[in-house]
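Make the full structure from the sequences, and use the hints.
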Amino acid sequence: MTVLSARGVRKSYAGREVVSGIDLELAKGECYGLLGPNGAGKTTTLRMLLGLTTPDAGEITLLGHPVPKAAREGRIRVGVVPQMDNLDPDFTVRENLLVYGRYFGLTRAQVEERLPRLLEFATLEARADSRIQELSGGMKRRLVLARALVNDPDLIFLDEPTTGLDPQARHQMWERLRLLLRQGKTILLTTHFMDEAERLCDRLKIIDHGRTLAEGPPHDLIAEHIEPEVVEVYGEEVESWFSEHGQRLSVRAELHGETAFCYLKDPAPAIANLRGFPKLRFMHRRGNLEDLFLKLTGREMRE
Amino acid sequence: MMKVSLSWVAVWRRNYLVWRKLAAESVLGNIIEPLLYLVGFGFGLGAMVPEVDGVKYIAFLAGGTICYSTMLAASFEALYSGFARMHVQRTWEGILNAPVSLEDVVFAEWVWAASKSFLSGAAVLIVAAALGLAQSWTMAFILPLAFLIGLTFAGLGLIMTALAKSYDFFMYWFTLALTPMMLLCGVFYPLSNMPGWLQAVAAALPLTHAIELGRPLLLGRWPEHPMLNVAVLLAYGVGGFLVALTLFRRRLMS
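The listed protein sequences derive, respectively, from chains R and P.
With numbering that gives the first Met the number 0, the residue at position 267 of the first sequence is 266, and numbering never jumps.
With numbering that gives the first Met the number 0, the residue at position 253 of the second sequence is 252, and numbering never jumps.
Please note: incorrect hints may appear among the correct ones.
[Stated by the list, open to error] Restricting the straight-line Cα-Cα distance to at most 25 Å, the calculated cross-link-like pairs of lysine to any residue (SDA-like) are:
id	chain 1	residue 1	chain 2	residue 2
1	P	Lys-20	R	Glu-133
2	R	Lys-139	P	Arg-19
3	P	Lys-20	R	Ala-127
4	P	Lys-20	R	Pro-88
5	P	Lys-164	R	Gly-38
6	P	Lys-20	R	Met-138
7	P	Lys-164	P	Arg-248
8	P	Lys-164	R	Met-83
9	R	Lys-68	P	Leu-241
10	R	Lys-68	R	Glu-58
11	P	Lys-20	R	Glu-111
12	P	Lys-20	R	Leu-123
13	P	Lys-2	R	Thr-106
14	P	Lys-164	R	Thr-42
15	P	Lys-164	R	Asn-85
16	P	Lys-2	R	Glu-72
17	R	Lys-278	R	Thr-258
18	R	Lys-139	P	His-86
19	P	Lys-20	R	Leu-134
20	P	Lys-20	R	Gly-38
21	P	Lys-164	R	Glu-94
22	P	Lys-164	R	Thr-53
23	P	Lys-164	R	Tyr-12
24	P	Lys-20	R	Ala-125
25	R	Lys-294	R	Arg-284
26	R	Lys-68	P	Met-252
27	P	Lys-164	R	Ser-11
28	P	Lys-164	R	Gln-82
29	P	Lys-20	R	Glu-94
30	P	Lys-164	R	Arg-15
31	R	Lys-139	P	Arg-89
No wet-lab data here; the hints were simulated from the structure.
Owing to the predicted nature of the structure, the values given are computational and were not obtained by experimental measurement.
Rendered as structure tokens:
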């Protein structure tokens, strides 16, 4: 069953196309990641999928409703965790959930009935009457997630859900997202953390300049585009080592600043060679989603 | 073009709930400021200006003060509080992710600012009544009038909110629109004291029409051109709201 679909979606601002024909299809119960550098078109895509921005071309169906025409009907069964917290600072934790529920047409009694489960999900039972300013960053993030569940949505949009959180809070967030997936919810996630996408996503799409660069399950994509082994080499003399040995020993090798990235099928010869250069430090690891992301989108800084 | 649904009520209630938390302070402000105006100007100036239009100066001033206070109440709400909810706190962003449209949100803000104006009007009415300045049954019309004045100035104010980059921008509206209106539209003196060309300018400004309704109603008289006054206030309010909505769409939904 398709929960969300988009075909040929385009959007230009002042003659500059920021989304140039995006297609996507989310099946019920999957976690789908939308990855891309800053300015790749992720936020505009999310806004169009929710019916908050009108596309110039393309078709979008959100939970069976055409968007943007019937976006309001579509959003009745959608939860959104925005990139930046927009909790109501004038209200307590409990009031935030009650007031937000009203936007979905829920009565106070209906939200009151869901409240204990939402507070438990967010581990905020003891904080129900705290003001928002008294909550830590992780607590606020959990409350935003609980708020997105107030209407018991089928589909949840998460825009960079763990940006700015410490490792403990990130792991807590992942646990909760897995719980939601086990309950059969569908998730659309954007993130800058490749480990997060690799951990959570069943499928993902990497976009840049408004176009799809790759789409599929993370491990298939890595296997398809990236050599299985990576040796990163650092040190002052890395440049000469790179041109004399690194390139020769690797299937593919790149030098960025003082780091050489050697992509290999068999790391043993390169590691044996590096033992002869005590001034160089190196790290051997498996090829990962970050390698793929950087290969497809380049290493230049984005504004 | 207008697609306001009943969801606006939920947004209005959100603002009402926040107000209720700070209601004591808010009502206190609504009462004390007009009270100071009436007592200060009414008695201070009133000693030198014994009578205007056949009534004591303080009674003359009360009608202007009600219109001026309600204008300010709606303007502060639509500009500063509206901007906080739209931009600073991102409250609108959260609401728009729910099945609520921008039209619902802006309509709710409009009606809410007018509701604040209503509350302010009620507070000044109580002050005026306590000072013995409102004794006629016509003063009951002050309450719907306060709401209407609120719609007028909230509609216009929301245009400023839709254009604002920061709070500083609102100084233009206060210095170039609201303060001139306070000084030129007859809050403190009869318009007939002004030169003809200034009277003509004032006749085009909404606060003048508010005062042409509010002052006689408080003094127990019937306004001279009530239909015209109501029509002008509504035209400014509805026109302002529609322009603001177009600007908000451009700003937030493009």
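Each hint, compared with the structure:
Our distance criterion of 25 Å between C-alpha atoms is met by Lys-20(P) and Glu-133(R), whose separation comes to about 18 Å. Note on Lys-139(R) and Arg-19(P): the hinted pairing holds, with a Cα-Cα distance of about 24 Å set against a maximum of 25 Å. Proximity of Lys-20(P) to Ala-127(R) is assessed by CA-CA distance (about 17 Å); at most 25 Å being required, the pair is judged to hold. Restraint check: the Cα-Cα separation between Lys-20(P) and Pro-88(R) comes to about 12 Å, which is no more than 25 Å; the hinted pair holds.
Only pairs whose Cα atoms come within 25 Å are accepted, and Lys-164(P) paired with Gly-38(R) is accepted, the gap being roughly 22 Å. Between Lys-20(P) and Met-138(R), the direct Cα distance comes to roughly 24 Å. Compliance with the 25 Å bound is thereby established for this hinted pair. Between Lys-164(P) and Arg-248(P) the alpha-carbon distance is near 16 Å, which keeps this suggested pair within the 25 Å criterion. Between Lys-164(P) and Met-83(R) the CA atoms are separated by roughly 19 Å; this keeps the pair inside 25 Å, and the hint holds.
About 21 Å separates the Cα atoms of Lys-68(R) and Leu-241(P), which keeps this hinted pair within 25 Å; it holds. A hinted pair counts as satisfied when its Cα atoms are at most 25 Å apart, and Lys-68(R) with Glu-58(R) qualifies at roughly 11 Å. A threshold of 25 Å between alpha carbons decides the hint, and for Lys-20(P) with Glu-111(R) the separation of about 20 Å falls inside it, so the pair holds. A C-alpha spacing of about 23 Å is found between Lys-20(P) and Leu-123(R), which places the hinted pair at or below 25 Å, so the restraint holds.
Proposed proximity of Lys-2(P) and Thr-106(R) is supported: the alpha carbons are some 23 Å apart, at most 25 Å. The hinted pair formed by Lys-164(P) and Thr-42(R) meets the criterion: a straight-line CA distance of about 21 Å does not exceed 25 Å. Taking the CA atoms of Lys-164(P) and Asn-85(R), the gap is near 19 Å; set against the 25 Å cutoff, the hint holds. Only pairs whose Cα atoms come within 25 Å are accepted, and Lys-2(P) paired with Glu-72(R) is accepted, the gap being roughly 14 Å.
Distance hint between Lys-278(R) and Thr-258(R) is fulfilled; the C-alpha atoms sit about 13 Å from each other, no more than 25 Å. A threshold of 25 Å between alpha carbons decides the hint, and for Lys-139(R) with His-86(P) the separation of about 19 Å falls inside it, so the pair holds. For the hint linking Lys-20(P) to Leu-134(R), the alpha-carbon distance of about 20 Å falls within 25 Å, and the restraint holds. Taking the CA atoms of Lys-20(P) and Gly-38(R), the gap is near 41 Å; set against the 25 Å cutoff, the hint is violated.
Between Lys-164(P) and Glu-94(R) the CA atoms are separated by roughly 30 Å; this puts the pair beyond 25 Å, and the hint is violated. At roughly 23 Å between alpha-carbon atoms, Lys-164(P) and Thr-53(R) fall within 25 Å of each other, so this suggested pair holds. For the suggested pair Lys-164(P) and Tyr-12(R), the alpha carbons sit about 20 Å apart, so the restraint of at most 25 Å is met. For the given pair, Lys-20(P) sits about 22 Å from Ala-125(R) by alpha-carbon distance, which is consistent with the 25 Å threshold.
Of the supplied pair hints, the one linking Lys-294(R) and Arg-284(R) holds, its CA atoms being roughly 17 Å apart against a limit of 25 Å. With a C-alpha separation of about 14 Å, the suggested pairing of Lys-68(R) with Met-252(P) holds against the 25 Å cut-off. At roughly 23 Å between alpha-carbon atoms, Lys-164(P) and Ser-11(R) fall within 25 Å of each other, so this suggested pair holds. Under the criterion of a C-alpha separation no larger than 25 Å, the hint pairing Lys-164(P) with Gln-82(R) is consistent with the structure, at around 21 Å.
The suggested pairing of Lys-20(P) with Glu-94(R) holds, with an alpha-carbon distance near 12 Å, which does not exceed 25 Å. With a C-alpha separation of about 24 Å, the suggested pairing of Lys-164(P) with Arg-15(R) holds against the 25 Å cut-off. Restraint check: the Cα-Cα separation between Lys-139(R) and Arg-89(P) comes to about 15 Å, which is no more than 25 Å; the hinted pair holds.
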